[in-house]
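Peer 1: So the chains spell out like this:
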Amino acid sequence: MTDLPVLILGARSDMGQAIAHAFAAQGHPIQLAARNAASLDAVRSDLALRHGVEVTLHDFDVLDSDGFVPFLDGLPALPQVAVSVVGYMGEQAQNEQDLNKASLVLRSNFEGPAGILALLADRFEARGSGTLVGISSVAGDRGRATNYVYGSAKAGFTAFLSGLRNRLAKKGVHVVTVLPGFVNTAMTEGLDLPAKLTAEPEEVGTAVLKAVQKGRNVIYVRGIWRLVMAIIRNIPEPVFKKLKI
Amino acid sequence: MKLSGWGRFPQVETEVRAPRDEAALRALVTGDRPVIARGNGRSYGDSAVGAGLTLDMRHFNHMLEFDAGTGRLVAEAGVLLGDVIDAFLPHGWFPLVTPGTRLITLGGAIAADVHGKNHHVEGSFGACVDWVEIMGPDGEVRRATRKDKDDLFWWTLGGMGLTGVILRAAIRLRPVETAWIKQTTLPAPDLATAMELFEAHGQDTYSVAWIDCMGQGAHLGRSLVILGEHAKLSDLDPKKSASPLDAGHKRKLSVPLDFPGFALNRWTVRAFNEAYYRMGVWNRGEALVDWDTYFYPLDSVLKWNRIYGRRGFAQFQCVIPLASAREGLTELLQAIADAGAGSFLAVLKRFGAQDSAFSFPMEGYTLALDFPMKSHTLDLLERLDAIAVAHGGRFYLAKDSRMRAETLRQADARVRDFEEMRETLGLKARFASAQSERLSL
Numbered sequence: 001m002t003d004l005p006v007l008i009l010g011a012r013s014d015m016g017q018a019i020a021h022a023f024a025a026q027g028h029p030i031q032l033a034a035r036n037a038a039s040l041d042a043v044r045s046d047l048a049l050r051h052g053v054e055v056t057l058h059d060f061d062v063l064d065s066d067g068f069v070p071f072l073d074g075l076p077a078l079p080q081v082a083v084s085v086v087g088y089m090g091e092q093a094q095n096e097q098d099l100n101k102a103s104l105v106l107r108s109n110f111e112g113p114a115g116i117l118a119l120l121a122d123r124f125e126a127r128g129s130g131t132l133v134g135i136s137s138v139a140g141d142r143g144r145a146t147n148y149v150y151g152s153a154k155a156g157f158t159a160f161l162s163g164l165r166n167r168l169a170k171k172g173v174h175v176v177t178v179l180p181g182f183v184n185t186a187m188t189e190g191l192d193l194p195a196k197l198t199a200e201p202e203e204v205g206t207a208v209l210k211a212v213q214k215g216r217n218v219i220y221v222r223g224i225w226r227l228v229m230a231i232i233r234n235i236p237e238p239v240f241k242k243l244k245i
Numbered sequence: 246m247k248l249s250g251w252g253r254f255p256q257v258e259t260e261v262r263a264p265r266d267e268a269a270l271r272a273l274v275t276g277d278r279p280v281i282a283r284g285n286g287r288s289y290g291d292s293a294v295g296a297g298l299t300l301d302m303r304h305f306n307h308m309l310e311f312d313a314g315t316g317r318l319v320a321e322a323g324v325l326l327g328d329v330i331d332a333f334l335p336h337g338w339f340p341l342v343t344p345g346t347r348l349i350t351l352g353g354a355i356a357a358d359v360h361g362k363n364h365h366v367e368g369s370f371g372a373c374v375d376w377v378e379i380m381g382p383d384g385e386v387r388r389a390t391r392k393d394k395d396d397l398f399w400w401t402l403g404g405m406g407l408t409g410v411i412l413r414a415a416i417r418l419r420p421v422e423t424a425w426i427k428q429t430t431l432p433a434p435d436l437a438t439a440m441e442l443f444e445a446h447g448q449d450t451y452s453v454a455w456i457d458c459m460g461q462g463a464h465l466g467r468s469l470v471i472l473g474e475h476a477k478l479s480d481l482d483p484k485k486s487a488s489p490l491d492a493g494h495k496r497k498l499s500v501p502l503d504f505p506g507f508a509l510n511r512w513t514v515r516a517f518n519e520a521y522y523r524m525g526v527w528n529r530g531e532a533l534v535d536w537d538t539y540f541y542p543l544d545s546v547l548k549w550n551r552i553y554g555r556r557g558f559a560q561f562q563c564v565i566p567l568a569s570a571r572e573g574l575t576e577l578l579q580a581i582a583d584a585g586a587g588s589f590l591a592v593l594k595r596f597g598a599q600d601s602a603f604s605f606p607m608e609g610y611t612l613a614l615d616f617p618m619k620s621h622t623l624d625l626l627e628r629l630d631a632i633a634v635a636h637g638g639r640f641y642l643a644k645d646s647r648m649r650a651e652t653l654r655q656a657d658a659r660v661r662d663f664e665e666m667r668e669t670l671g672l673k674a675r676f677a678s679a680q681s682e683r684l685s686l
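Protein sequences appear in the order of chains Z and X. Using the working numbering, read the first sequence as starting at 1 and increasing by one per residue. Using the working numbering, read the second sequence as starting at 246 and increasing by one per residue.
Among these hints, one or two may not hold up.
[To be verified] Incomplete in silico selection of chain X near chain Z, CB under 7 Å:
| # | residue |
| --- | --- |
| 1 | His307 |
| 2 | Met308 |
| 3 | Phe311 |
| 4 | Ala332 |
| 5 | Leu334 |
[Unchecked claim] Some chain X residues well away from chain Z (every beta-carbon gap over 10 Å; in silico):
| # | residue |
| --- | --- |
| 6 | Ala263 |
| 7 | Arg265 |
| 8 | Asn306 |
| 9 | Asp328 |
| 10 | Arg417 |
| 11 | Trp527 |
| 12 | Thr538 |
| 13 | Pro542 |
| 14 | Val546 |
| 15 | Arg555 |
| 16 | Arg659 |
[To be verified] Derived EDC-like pairs (lysine to aspartate or glutamate); straight-line CA-CA distance at most 20 Å:
| # | chain 1 | residue 1 | chain 2 | residue 2 |
| --- | --- | --- | --- | --- |
| 17 | X | Lys548 | Z | Glu200 |
| 18 | Z | Lys101 | Z | Glu54 |
| 19 | X | Lys673 | X | Glu310 |
| 20 | X | Lys485 | X | Asp503 |
| 21 | X | Lys247 | Z | Asp61 |
| 22 | X | Lys548 | X | Glu531 |
| 23 | Z | Lys101 | Z | Asp64 |
| 24 | Z | Lys214 | Z | Asp61 |
| 25 | X | Lys247 | Z | Asp41 |
Don't read these hints as lab results, they were simulated from the structure. For every residue, glycine included, the Cβ atom is placed at its ideal position computed from N, Cα and C.
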C-alpha cells in the first residue's frame, strides 16, 4: 500500500507541502506538481531525505487546460491518491470590479482544479481504484460580501467534488472534500486570524492523511468549524444579508 | 510586538518578519533597519531579538543533500537538530555535538557555537561544520569554509548572528550502532570529588554533572557526575537489538500555565535537590538509557520555562580556566548558596581546550544555572559576574540577558577584535540584536 504514489497539485503551497510530508512519512512516493517545478528542488530533496521516499517534480499550470492530458501522461505512474491544493484568493475589492480578476479567481479555484480532477477521475475509474482529494473552503458554504467571488468558486468546486463522489461511489474510487477553515500559510500571512480557528499546515496534512485512510467524505480540519459553519448556514437570509461577517 | 528568548526576560519591542525565500530575505537584509536572524528561540536572553527587525528563519528548513558514505548533511539553517536525528538516526547517524535541547536550529547552533557533554573530547558544534553560507550586508551570499582558513567562517562560529544571516551549512554526523547510551552515575559528595572524577574520566565520550547549588559547608558543590558512551550493538539485550536504532517514542508532558512566583523558593528547591541527590546515590552505577532521555530530559516537558512564572528567569553560565577553577567555583557556589537563590537546573562540566575566534568554550570548568527573575536576582548575577572575572572566566552569550558591556570587555579580550571586524566589514549597522546593542558589539 505504501509504495503507491501520491500526487500533489499545487505543491508550492504550505498546505500542499504539509500534505506531502504526511504521506511521505507513511512511505508513499510523492509527485509534486506546480508551475516552474524545478524551483521546488529544495522541497523535493527535503521530503526524500526526511522520509526516504522517491520524490519527482512535474510542471503543471492549472490555467492551461490543454496541458492537462500531456501532464498526466508524463507522470512516472498513475497516482493512487491525487490531492488538489490549487487555489488563489485575490482581493475581493478588485475581484468584484474587474472581470478579468474575477475570472482568474474562478478559473484557479473551480474550473482548473475541477478539470484536472475530472481527467484523473476517468483514469482512476478505468483502473477501479484511487482517492481524489479536493481542498475547497468554508468560504464556499455561504457567500459573504467580504469574499464572495472566491467563495462562489469554492462553492462550485465543493459541489463538483460532491457530484464526483456520488458518481464514483460504486466504482472503487473515493472523493474527499476538505474544508480547512483558516490556515496559517503564505496566503493568510499578515491577516489577524483568531488562534482557536486557525490551523497550522501540518494539521491539514495529518487530517487529509487520516481522511484518505478512513475513507471520510467531507472534513473540516478543526472540528469547531463544523459548528461555526452550521450556524452561519442557518442564519435566515433576511438577517444574514444585513450582517457584516 | 514584544519578543524574548527562552528565559522570557527581557521582553523587547521588535518587528518579526518570516521571509520565505532568498529574494524576500535579501530585501529585508538590505532594507533601512538593522536585522538579526532568529531560529527556534531557544537562546535564553535577547541574542535573537532584533534591535530593528527580527528575521524568523524557520521557513528555511529544507534538508538538501546527504552523503550516506561520510555522514555529511547539507541543510538550510532553519532545520532543527531534532529533525536531523529523526531523519538519520534510523540510518545509524547522530549529531557529533548536541546541547541539552534538540529544539534548536542548525543556524542557531552555529551562531552560538553550542557545546555538549563531549566538549572535552570533540569540541563545540563548530567542530562538525565544514562550511556555512551567509548573506552579508550587501545581500550577497558567500560560502565560508573551514578549509580555506576563511576569517568569516571562524567569526561566524560563535558570532551570535552578527556576521550576517546564516542560510545553509554542511555538517558532519557521527556513525552510531544503536540509539542507546551506556550511562554511569557517580555521586560526588563535594566539589573537589566532582572535579577529581572529571579529571579521571577525561577519555569518556560524554561527561556532565548535575550540581546541588544549595549545598553548604561540607556539601558545597555536591554533584552527580554522569558519564556516557554510545552503546554498541553487543551492549543490547536481544529484544533491543532487534531494532537497535529505534528507542521508541516518549510521551510528552507540557506545562499548561505559568507557575505562581512562590512555587520555586529556597525550601522547595532544597527539598528537590536533596531528593534528587539521594536518588542519584541510590541509582549510582551503570544503566542503559535511550538517546532522548540521556541528551534531552527537558525536551520531554514542553514549555518548561513556564515553571519560573510570568516574570521569567535568567541563566548564568561562565567558564573558569583550569588553574583557578576550583577556587572560582567555590566562590561562585558559596555566593549562590548564601543568597539561597539556587535552582534545580544547575550543571557543571569540564571543557577541553579550544581555539576559536569568538566562541564561548575554553579549557576549564563551566557552571550553568538559572534563577527565577526576582527583585534581587540581577544584583546576585552581577556579584557572580565579578567573581568569574576575578578568576579569569568568561561568559556564554547564548545564555546572557543582562550583562554589562564593561563586564564583557573585562572578561574577554577578543571583544575588541570582534568589534573591529564588524566595523571593517560594514556589519555593525546591518546586523544587530538587542543583546549586541546592550553589549555594544
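Peer 1: So, for every hint listed, does it hold in this structure?
Peer 2: Verification of the hints:
Among the interface hints, the one on His307(X) holds; its C-beta lies about 4 Å from the nearest C-beta in chain Z, closer than the 7 Å criterion. At its closest, the beta carbon of Met308(X) sits 4 Å from a beta carbon of chain Z; the interface hint therefore holds under the 7 Å criterion. Contact between Phe311(X) and chain Z, as hinted, is supported at the beta carbon level, the nearest pair being about 5 Å apart and thus within 7 Å. The interface hint given for Ala332(X) is met, as the beta carbon of that residue sits about 5 Å from the closest beta carbon of chain Z, less than 7 Å.
Because the smallest distance between the Cβ of Leu334(X) and any Cβ of chain Z comes to about 12 Å, over 7 Å, the interface hint for this residue is violated. Its closest Cβ contact with chain Z, about 8 Å, brings Ala263(X) to no more than 10 Å, contrary to its assignment away from the interface. Its beta-carbon lying about 6 Å from the closest one in chain Z, Arg265(X) breaks the requirement of being farther than 10 Å from that chain. A Cβ of chain Z approaches the Cβ of Asn306(X) within 10 Å, the least distance being about 8 Å, so the stated non-interface status is violated.
The beta carbon of Asp328(X) sits about 7 Å from the closest Cβ of chain Z, which is not more than 10 Å, so the claim that it is off the interface is violated. The beta carbon of Arg417(X) sits about 15 Å from the closest Cβ of chain Z, which is more than 10 Å, so the claim that it is off the interface holds. Look at Trp527(X): its CB is around 41 Å from the nearest CB on chain Z, clear of 10 Å, so calling it non-interface holds up. Distance check for Thr538(X) against chain Z: the nearest CB is about 23 Å away, which clears 10 Å, and the non-interface claim stands.
Separation of Pro542(X) from chain Z is adequate, the least Cβ-Cβ distance of about 25 Å exceeding the 10 Å criterion. Here Val546(X) stays apart from chain Z, with its beta-carbon at least about 21 Å from theirs, past the 10 Å limit. Every beta carbon of chain Z lies more than 10 Å from that of Arg555(X), the smallest distance being close to 19 Å; the non-interface claim holds. Chain Z leaves Arg659(X) outside its interface by the beta-carbon criterion, the shortest separation being 36 Å against a cut-off of 10 Å.
A distance of roughly 19 Å separates the Cα atoms of Lys548(X) and Glu200(Z); the hinted pair therefore holds under the 20 Å criterion. A C-alpha spacing of about 38 Å is found between Lys101(Z) and Glu54(Z), which places the hinted pair above 20 Å, so the restraint is violated. A hinted pair counts as satisfied when its Cα atoms are at most 20 Å apart, and Lys673(X) with Glu310(X) does not qualify at roughly 33 Å. With a C-alpha separation of about 39 Å, the suggested pairing of Lys485(X) with Asp503(X) is violated against the 20 Å cut-off.
Taken as a hint, the Lys247(X) and Asp61(Z) pair is broken in the structure, with Cα atoms around 42 Å apart against an allowance of 20 Å. Distance hint between Lys548(X) and Glu531(X) is unfulfilled; the C-alpha atoms sit about 30 Å from each other, more than 20 Å. For the suggested pair Lys101(Z) and Asp64(Z), the alpha carbons sit about 17 Å apart, so the restraint of at most 20 Å is met. Of the pairs offered as hints, the one joining Lys214(Z) and Asp61(Z) is violated, with about 30 Å between alpha carbons and a cut-off of 20 Å exceeded.
Distance restraint check for Lys247(X) and Asp41(Z): the Cα-Cα separation of roughly 36 Å exceeds the 20 Å cut-off, and the hinted pair is therefore not satisfied.
When the structure is compared with the earlier hints, violations turn up for hints 5, 6, 7, 8, 9, 18, 19, 20, 21, 22, 24 and 25 and for no others.
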